[in-house]
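Undergrad: Sequence:
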Amino acid sequence: MSMLSYDWRLGYEYLESRDGYFSKLKAAIETHHKTSGEKAVLVSHSMGGTVTYYFLQWVVTDAKHGGGGGGKDWVERHVHSFVNIAGTLLGVPKSIPALLSGELKDIAVLMPQ
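Position 67, counted from 1, in the sequence shown is what our numbering calls 67; the numbers after and before it change by one each time, with no gaps.
Here are the computed lysine to aspartate or glutamate pairs in the DMTMM-like style, where the Cα-Cα straight-line distance is at most 25 Å:
1) LYS24 to GLU38
2) LYS39 to GLU76
3) LYS39 to ASP73
4) LYS64 to GLU30
5) LYS26 to GLU76
6) LYS72 to GLU16
7) LYS34 to GLU76
Simulated from the structure, these hints should not be mistaken for laboratory data. These numbers were taken from a predicted model, which means no experiment stands behind them.
Modelling step: build the complete structure from the supplied sequences, incorporating the hints.
TA: The following block contains the structure:
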């Protein structure tokens with residue numbers, strides 16, 4: 001098992017340009033596949049779900065267009081599955097009513113008055 005943390009304060013494109021994050025993730029997955037002969041299972045939590053989704057798009061994009069240059073079949077060859085735990089792929093819709101109107105019916109109360 002490997003873990004790659006990221007700086008959540010950065011936009012996704014800056015994760016690669018500043019930290020080489022997606023290149024490191026691609027290399028880690030390829031190394032796992034080469035040494036074990038097995039495809040990787042990607043597990044993410046919270047915003048890591050959208051980071052993983054961005055990576056899956058980035059890795060198949062041609063390098064001359066700013067992607068990882070893995071080719072259209074890279075994910076099929078290297079990734080068995082993607083497990084997204086409490087991910088934000090659909091956004092955070094319950095926060096909008098709370099921010100706009102103060103509606104808190106679906107929000108947990110941590111400090112009752």
